[in-house]
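Each protein sequence line maps, in turn, to chains A and B. Residue 229 in the working numbering sits at position 229 of the first sequence, with consecutive numbering throughout. The working numbering runs 303 ahead of the 1-based position in the second sequence.
Keep in mind that the hints are not guaranteed to be accurate.
As the list claims (entries may be wrong) - With a cut-off of at most 16 Å between alpha-carbon atoms, the simulated EDC-like pairs for lysine to aspartate or glutamate come out as follows: (1) A/96 with A/245; (2) A/122 with A/69; (3) B/344 with B/356; (4) A/96 with A/244; (5) B/438 with A/69; (6) B/483 with A/244.
It is worth saying that the hints were derived from the structure and are not from the lab.
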Amino acid sequence: MRFWKVIADYFVAQVQFVWSIVSKPRQLVALLKRIPYFLGMLLFALTIIVPLVWVVSTSFKTVPEIFKDPWLLPLEAQWQNYANAWEREGIGAAFKNTAIVTVATLVFLIPIGAMAAYIFAKYPFRGSKALFGMFLGGMMFPNFLIVIPLYFLLQSISLYDTMTGLVVAYIAYSLSFTIFVLTGFFQALPNELAEAAQIDGCGHYMTFSRIMLPLAKPGLIVVGIFNAIGLWNEFPLANILINEEANRTLPLQVVEMATAQQYSSDWGALFAGLVIVTLPVMGVYWIFRDKIHETMLAGAVKG
Amino acid sequence: MAKRGRTGFIIAFLSPAVLLYGFFVVWPLLQAFYYSLFRWKGLSPNKTFIGLENFQNLVKDEAFHKAVWNNLAILVVGGFAILVLGVLLAHGLQSNSRPIRALRGLYLFPQVVSLVVVAIIWQFMYDPSSGLLTKGAGAVGLDGFTKPLADSSQALGAVGIAFVWYSLGFYVMLFSAGLKQIPEEVNEAAELDGSRGWHRFWAVTWPMLWPVKRIATIYIVINVLNIFALVWVMTGGGPNRATETLLTLLYKTAFKDSLYGYGTSVAVANFIIAMAFAVVLMFLFRKNPEERRA
Chain A
1 MRFWKVIADY FVAQVQFVWS IVSKPRQLVA LLKRIPYFLG MLLFALTIIV PLVWVVSTSF
61 KTVPEIFKDP WLLPLEAQWQ NYANAWEREG IGAAFKNTAI VTVATLVFLI PIGAMAAYIF
121 AKYPFRGSKA LFGMFLGGMM FPNFLIVIPL YFLLQSISLY DTMTGLVVAY IAYSLSFTIF
181 VLTGFFQALP NELAEAAQID GCGHYMTFSR IMLPLAKPGL IVVGIFNAIG LWNEFPLANI
241 LINEEANRTL PLQVVEMATA QQYSSDWGAL FAGLVIVTLP VMGVYWIFRD KIHETMLAGA
301 VKG
Chain B
304 MAKRGRTGFI IAFLSPAVLL YGFFVVWPLL QAFYYSLFRW KGLSPNKTFI GLENFQNLVK
364 DEAFHKAVWN NLAILVVGGF AILVLGVLLA HGLQSNSRPI RALRGLYLFP QVVSLVVVAI
424 IWQFMYDPSS GLLTKGAGAV GLDGFTKPLA DSSQALGAVG IAFVWYSLGF YVMLFSAGLK
484 QIPEEVNEAA ELDGSRGWHR FWAVTWPMLW PVKRIATIYI VINVLNIFAL VWVMTGGGPN
544 RATETLLTLL YKTAFKDSLY GYGTSVAVAN FIIAMAFAVV LMFLFRKNPE ERRA
């Protein structure tokens, strides 16, 4: 509820602000100029809040309530919708799959990415710039360019329609971003630290694991969070590489539900499903939002 | 770093990433260009080399025209809306007070929600029987907005609105960071020279936003060319290809019609279009106008 208190404080502050200067004509003009921005910001905030509130509200409604008036709030919370989504509609199983796939991907992705980033940052060699550029290129071109060959590649090594195959593909596709961010973090660490460690008898491996890796922890956390959110939500690749219901991730299962619900119209369960998919990422986002904002904008504003 | 064992260390640390990336990203990428030169139907391994015939067919294919056109429409109209709204809203976010920070956090909500969820939310907001927007429009007396996603004249606009809703927060953040980078002295100098309001915006602020404008444009182009989940879930490219985009066309061609060679040529065409845009953007943004003056 801190969030609502903050919003309430904001309005109180605005009112006090208006009150404090309403008698001074020059400042009144300045205030009038702020009104359009203020209204615009409020309007945009509402266009985000209203649909999200509607989703949560609908997830607690009975079917007749849903079709009576979308703008009304539920009379009584129908927790049954959540049970239906979890059990009957397979959201529970898909939740488990997504959790497994996300965690498994991160467990391999972060060390592999960190090792490569460390080399790019601290061990330049002939051609390392070009190799780094090749990894970066992966962030630019449309991923879809490769889905057809990838689909056949995974079939040929018997990884099509398996969670293992999906994890392997996810690791490969997430490397570009991971290496990009982590290289920046390792570059920022002073070389003297590593040199001192090596004088003290640490080899290359020990310098990395004992000195440099722990210092890059903030970076590891940031890429971990970013990748976790992205992987949890990922749809296009999973849609092509997964087929069996038993292997479906949350985004696939929820699309399946949406397609079915247009005919059977149990919107309550569907919307409960949407809430279940979204809640974990929203929580992670809200906890780490300042870090996330920083990383999103890093590089971007430096031009 | 110390010399001894350096090469072995580099190889050991780099090889997992290089092998994975090479095998699952670079290799399929090369194959994509190769496959696009074949006629290749169904799951049979029979491929016939036909040179550029796929591309010749693509140029004549009306579905492809429609898809390119729709992508361009979203890019131009949606991109314009995002830039204008983004810059305007960013002006409102300039203080660092707690409420503004909270608002900023709120603006990025749609970005963290899965695109699939965004698509489903909007699909049901437009639902004819009980959608939030269709019912709302009916309540305030707006006729003709009862089933936007099934109406081929409204569907693209309806999808475009969802796209802007999803993306806008990020660009607001981007421009607000850009505005913060304009040095305080510049604004004070403009103030002293009597430059205010719109004049100051066009003469000072807008040109100073150059680096952010460049990166924002690049992001928008990449994101529009990558549109898939949103359209696929909301409309599947329909009705009547009214919302067909390059990637929904690719998906249908390859994975519904099993025309893998032809589908890959759509992918390669998408890549070529992206490259063309990159060249145009590099030309448009070749020089920072501010650097000359400084």
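Inset, instruction - Go through the numbered hints given earlier and state which of them the structure violates, listing their numbers in rising order. - result: 2 and 6
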